[in-house]
Each structure stands twice: as C-alpha cells, then as structure tokens.
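Trainee: Single-letter residue listing:
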Amino acid sequence: MSSVDSFFLLMEGFATAMQPMYLLFALGGVLVGTAVGVLPGIGPAMTVALLMPITYSLEPTAAIIVFAGIYYGGMYGGSTTSILLNTPGESSSIVTALEGNKMAKAGRGAAALATAAVGSFVAGTIATVLLSFLAPYVAAFAVQIGPVEYVALMVVAFLTVGALLGSSVLRGLASLGLGLFIALVGFDALTAQQRYTFGSPFLADGIDVVLVAVALFAVGEALYVASRLRHGPIKVIPVTGGWTSWLRKDDLRRSWKPWLRGTFIGFPVGTIPAGGADVATFLSYASERKLAKGENKKQFGKGAIEGVAGPEAANNAAAAGVLVPLLTLGIPTTATAAMMLVAFQRYQIPVGPQLFESNSALVWALIASLYVGNLMLLVLNLPLVGIWVKILQIPRPYLYAGILVFAVLGAFSVNFTPIDVIILLVVGILGFFMRRFGYPIAPMVVGLILGPIFESQLRRSLAISQGDPVALIQSPVAATIYVVLIVIFALSFLLKRRQRQFEAMVAANADAPDVVRGSVAPTEGAPVESTTPTTSTSTSTTSTTTTPDRKDTDR
Amino acid sequence: MSTSIQNSPGSGTTAAPGKPIGELVFALLIVSIGVVGFVAGAGIQTPTSASDIGPRAFPYAVSALLVAVGAGLVIQVLRGHRGSADEGEDVDLDAKTDWLTVGKLAGFVLLHAFMIVPLGWPLAAAILFFGAAWSLGARPWWRNLVTAIVLALVLQFVFGGLLGVSLPPGFLEGLGVFGG
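Chains as they are written, first to last, in my numbering: chain A, 76 to 630; chain B, 45 to 224.
Quick caveat, the hints were computed from the structure, so don't treat them as lab data.
Mixed in with the good hints there might be a few duds.
What the hints assert, rightly or not - Derived coverage of chain B by chain A (criterion: at least 3 residues anywhere in the stretch with Cβ under 8 Å from a Cβ of chain A; other residues may be distant):
#, stretch
1, 113-124
2, 180-187
3, 197-207
Just so you know, even glycine gets a beta-carbon here, dropped at the ideal spot from N, CA and C.
Turn these sequences into a full structure, and let the hints steer you where they fit.
Mentor: Below, the structure written as structure tokens:
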C-alpha cells in the first residue's frame with residue numbers, strides 16, 4: 076500500500092467522521108473522556124469497559140468513534156487534575172503534578188494548563204499523522220507473518236506488560252497469570268471441551284471479559300479508595316485571568332521545543348510495549364531538565380513550564396503510538412488499548428493484521444476521528460476549564476457511590492442477570508486486594524483478553540510443526556522478535572532503575588522545605604549551583620501555602 | 045480480614061500498613077489457584093483424535109506460571125519485601141484501613157444484586173447509591189436520598205429509555221420514556 080493510497084483512504088475516513096452524527100458522537104466521547112480523565116478514580120480503560128455493554132445499540136463506527144474520543148479525552152483531563160488538585164497524584168502523572176502543581180501554587184496555573192492543552196494538541200496531531208502513515212506499512216508487513224511470529228509478538232506483549240507495568244516483576248506476572256487463568260474458564264474453542272467449569276452451567280460460557288474488567292477497575296478501585304479515603308476538603312487551586320491571556324509570548328517561546336521533543340520521544344515509546352506513557356513522560360521530563368539552561372534550569376522542581384510542556388506532549392504522543400500495535404497487529408500494550416480491542420471483538424470486527432484490509436473504512440474513520448477529537452479537545456479544554464474544575468470538586472462519597480452504580484449497571488447489562496452483579500462483587504474484592512498488595516491491574520486485563528488468541532495461535536503453530544516446540548523460535552522473524560524482546564527488557568530495567576532513583580530524589584525534594592532543597596539536589600549528580608536556595612527562596616512559594624498569591628516566578 | 049489492624053513498626057520503604065499476613069495469604073492463594081489448575085486440569089477431556097497439543101497443555105502452562113510466581117512471592121514476602129500499595133489522588137496511604145466501610149459497600153452491592161428483580165433496576169440502584177454514599181460519609185441523609193433518586197431516574201431514562209438497554213423498570217413499568 077503506497078502512502079498516496081492511504082492518504083485517499085484517510086480522506087474517505089474524514090468524509091465519514093465529519094458527518095454531523097459522527098461529529099456529535101465524537102464530541103460526546105471527548106466530553107466523557109475529559110470528565111473521567113479529570114475525576115480521580117476513573118480512567119479511560121474503566122470508562123470504555125463500563126460503556127461497552129450499555130452502548131450495544133450503537134452501530135460499530137459510532138461506538139468506536141465514542142471510544143476513541145474517550146481515549147484521547149482521558150489524556151487531556153488527567154493533566155488538569157494533576158495541575159490543580161493539591162494532593163500527591165499517581166506516579167504516571169507525577170512529573171506533570173510536580174512542575175504543574177508548583178506552577179499553579181505560584182499563581183501560574185493558567186499557563187500550566189494552557190501549555191499542557193496546546194502541547195497535547197500539537198503532540199496528538201503530529202502523532203496521529205505519524206500513525207496514519209506508519210500504520211499501513213506495519214499492517215502490510217503484519218499480514219505476511221504466520222502463527223509462529225504472532226506467538227512471538229504476543230510473548231513480547233505478555234512479558235513486557237506483565238513485567239514492566241507496575242513496580243514488581245513477580246506481582247505483574249502473577250496478575251498476568253490470573254488473567255490467563257480466568258480466560259481459560261469455559262469451553263475450549265478448538266475442541267469444545269469444558270475447562271475449569273467445575274460442572275457449573277454459569278461457568279460453561281466463560282466469565283465475561285467486560286464483567287471482569289469493570290469489576291477490577293471500578294469496584295476494586297471504589298473499595299480500595301473507601302478503605303483509605305482522604306478526608307477533609309478538596310483543595311483545588313483556583314485559576315485566575317481569562318484564558319486568552321494564559322500563554323504569554325515568553326511561555327510559548329519556552330514551550331514549543333519541549334512540545335516537539337516530547338512528541339518524538341512519546342510516539343516511539345508508545346509503539347513498543349515498554350511500559351506505556353509512564354516511561355515516555357519520565358524520559359521527556361528528564362531530557363527537558365537536562366537541556367534547560369540558566370534561569371530556566373533553576374526553576375525545575377519549583378514550577379518550570381518546560382517540565383509540563385514536554386511530558387504532557389510525550390503522554391499524548393505515546394497514546395497515539397499505542398494504537399500502532401493495536402490496529403496493525405491486534406496487540407494491546409495498555410489497559411485502555413486492551414479494552415479497545417474488546418470493543419472491536421464485541422462488534423465482530425476481526426482484530427489483527429487483517430484489520431486494515433477487511434475493515435479499512437472503519438479504521439480510517441477511527442483515525443480521522445482522532446484528528447477531529449484532538450481539535451475538539453483543544454477548544455473544549457481552554458475556555459471550559461472552569462467546568463472541569465467544578466467536576467473535580469464533586470464530593471468523594473458521591474463520586475465513588477456513582478462509580479459503583481455505573482459498575483452494577485454495566486455488569487447487569489452484560490447478560491441481564493443479577494448473578495453477574497455477584498460475580499462483579501467477587502472479582503471486585505479480588506481487585507481490592509490486588510491494589511492493596513501492590514499487584515498491577517493492567518497485566519491481568521491484557522492476559523484475560525489476549526490469552527485465548529494466544530492459545531489458539533500457539534496450538535496452530537504447534538500443529539503445523541507437529542508438536543515440535545523448536546519451530547517456535549526457528550523462523551528468522553520470530554527469532555528476531557525474541558532478540559528484540561531481550562533488548563527491550565535490558566533497556567527498560569535500566570530505565571526503571573533510573574526512574575526509581577529519580578522519583579525518590581523528586582519525592583525527597585518535594586517534601587523538603589525550599590531551604591533544604593539546594594543541599595538535596597546535588598546528590599542526583601546534576602550540576603545544581605549551591606547558590607540556588609539563596610537566590611530562589613524569594614521567588615518560589617513554599618509548599619505550605621494553600622491559597623496562591625499572585626507572585627510571578629518568571630523574572 | 046482481621047490481620048491489618050495494627051501497623052508493624054519500621055516496615056521499611058513500602059507503604060502498606062499492617063502485618064504481612066494478608067499479603068502472605070494472597071501469595072499463597074495464587075499458588076493454590078495454580079495447584080487447583082493442575083488438579084482440575086487433569087480432568088479436562090482430551091479427544092483422542094486431536095493431532096495438536098490438545099486442550100490441556102495451555103492450562104498446565106498457566107498453572108505452572110501461577111505456582112512458580114506465587115512461590116516466588118511467598119518467599120519475597122517472608123524475606124520482608126512488601127508490595128507498595130496503589131497510590132491515588134483520593135487515597136491517603138497513611139490512613140488506617142477502614143474495613144467497616146469496605147464491608148458496608150460490599151454489602152450494599154450484594155443487596156443490590158438481590159433487589160434488581162423484585163424492585164426493578166431504578167429502585168435497586170437508588171438504594172445502592174444511597175447506601176454507598178452514606179457508608180462513605182456523605183451527610184445529610186435527605187440530600188443523599190434526593191441525589192440517589194435523581195441519578196437512578198436519569199440512568200433509567202438514558203439507558204433504558206433512549207439507548208434501549210433492557211433494565212427492568214420496576215414501579216416505572218408502563219412508562220415508555222423509562223423503557224418500561
């Protein structure tokens with residue numbers, strides 16, 4: 076397929092996505108996506124899972140456009156939360172929270188929000204262009220590979236998702252194993268034998284993927300948060316000034332290079348299964364910190380705009396990168412991508428290398444809707460930030476009670492039987508203990524979804540080789556994939572170690588009062604001038620201020 | 045679980061409070077799921093005509109993974125390496141585990157499951173929301189009640205009425221806008 080062909084197909088995709096009805100669905104998707112991105116405790120993966128049973132009546136194109144909107148919207152919304160909410164956030168957004176939150180406390184929240192939104196737009200658009208032109212080539216390669224190579228690719232996905240998401244390798248693999256095990260329950264697709272059904276007719280059909288995903292994401296999260304709910308008022312840092320004046324000339328001058336760098340760091344990291352957006356944002360932050368000079372460098376840790384612009388761009392570019400293996404190979408590398416795969420399966424759309432050929436119109440409509448959604452998100456996020464701030468202030472009891480209601484609604488809608496609600500609760504309790512004991516959820520969901528596909532491809536490969544397992548590594552392509560796997564592993568363990576050291580240093584810096592910071596920072600090895608504390612204490616606000624004063628840290 | 049009432053002093057760098065008994069039990073649970081996988085896997089019928097590896101091999105491989113990883117985790121926990129509990133904006137890792145609230149929430153979800161058929165979805169959902177919000181500390185009760193009823197009616201209207209999801213309407217039976 077030449078790039079001219081794919082250009083025309085993309086234009087046809089636009090023709091579909093620009094129809095008023097689909098524009099409306101895209102708008103709905105990005106609105107819901109931003110809202111769930113803003114709200115703590117709900118992510119895009121959970122939202123796609125929840126909406127799947129209750130959007131059954133939609134036609135496939137509409138549903139996929141909604142889910143794509145949620146996928147991109149969730150990325151935008153998350154940055155608003157980490158910038159404006161005055162609590163330590165999740166580690167995936169830690170870098171944005173670090174610089175963005177400091178900026179907001181210093182009265183520069185508007186600039187942080189603006190650079191995040193525009194950066195996300197720039198990165199999202201460039202990355203979607205890259206996706207449009209790269210994906211057809213990968214797909215053309217992918218249709219040529221056989222079951223042996225497919226098995227190799229899935230081994231890569233399993234091991235990287237299992238071992239690299241989350242902080243503990245063994246816990247990630249245990250989570251993966253649990254997912255694979257639950258996927259085995261029910262009839263074997265090839266021989267129609269019952270497996271692990273223990274004679275129960277309810278288990279004979281297998282445990283529904285959506286049910287398990289909703290239970291793990293929604294019920295597990297609600298129970299876990301309830302066990303350690305942060306009480307007291309929700310401290311949201313107010314944003315001042317009209318949105319048109321948010322990004323000043325100086326901010327723009329300092330932001331555009333980090334945006335581009337973040338994009339070109341994020342996209343490739345997203346395409347390989349190496350830990351997702353988490354790694355991309357960290358890499359971008361580390362490189363911005365290294366590249367900053369003079370006055371700007373001193374602001375790192377105290378609210379440097381580069382530290383928001385780069386990671387936010389990297390985050391969105393990685394999200395687009397994740398779609399490359401998903402759409403061309405049918406291999407999800409994040410929990411949200413895994414749920415998108417389930418959405419395709421629900422609508423009887425065969426995922427895998429054939430997707431670009433067999434459902435070309437749908438795929439290109441999806442890609443076109445990503446461009447549209449990105450533009451909508453930029454427009455929505457800048458002027459409407461006030462609405463998202465309001466959403467952020469929803470009383471937490473209502474938020475988590477609402478999550479539970481949506482979860483039981485989704486669970487009940489799978490088969491319209493109350494037994495599914497009980498299964499939901501049981502798996503939700505499992506998810507609660509997994510969170511409590513540090514087991515990541517995403518590998519379980521990926522294992523659950525990819526397990527059956529993996530098994531059938533594996534058995535097909537072994538049937539061809541008449542049971543000889545050596546055949547699995549004899550193909551040159553498969554052998555190359557395994558070598559790449561080893562390289563990815565070596566690299567990401569190095570990266571993880573650096574990230575952990577870095578986060579420890581960041582945490583130490585964030586906890587320490589400003590005066591101490593100068594003495595802590597040099598331990599990281601970066602050449603921080605020892606004169607920093609004396610020159611900067613006058614411009615940076617201390618972490619004890621809850622109401623921001625209008626101090627300007629720029630000059 | 046009554047294992048995590050008190051904090052073990054000096055639990056190191058990890059943030060999970062409580063004795064590691066709960067964590068140990070969870071790791072042992074993973075091992076035992078693997079063992080069950082082997083035992084129950086032996087009972088899977090294998091058609092003699094099958095020329096490939098059959099329906100039993102992959103379950104065995106997954107069970108082996110669970111046993112091996114679970115055993116590794118048991119050893120890790122016994123050596124004092126604990127998992128770090130999940131972080132989140134609304135999670136206070138320093139707070140003591142509030143088992144009562146977790147129990148109440150689970151109880152209301154269970155109650156909801158038994159209420160859907162006799163009472164209809166909207167009423168059962170309103171009870172769940174009201175109970176969950178109350179468990180999580182929302183006051184006053186009348187505001188919780190109003191929110192619960194409004195939310196349940198809106199959801200029934202949007203999903204039951206507009207999107208055609210067949211939720212049993214209960215007392216709204218016969219009203220078309222609620223999918224009755």
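Trainee: Hints first: check each against the structure and report whether it holds.
Mentor: So, going through the hints one by one against the coordinates:
1. 113-124: holds (count 5)
2. 180-187: holds (count 3)
3. 197-207: holds (count 3)
The structure agrees with every numbered hint stated previously.
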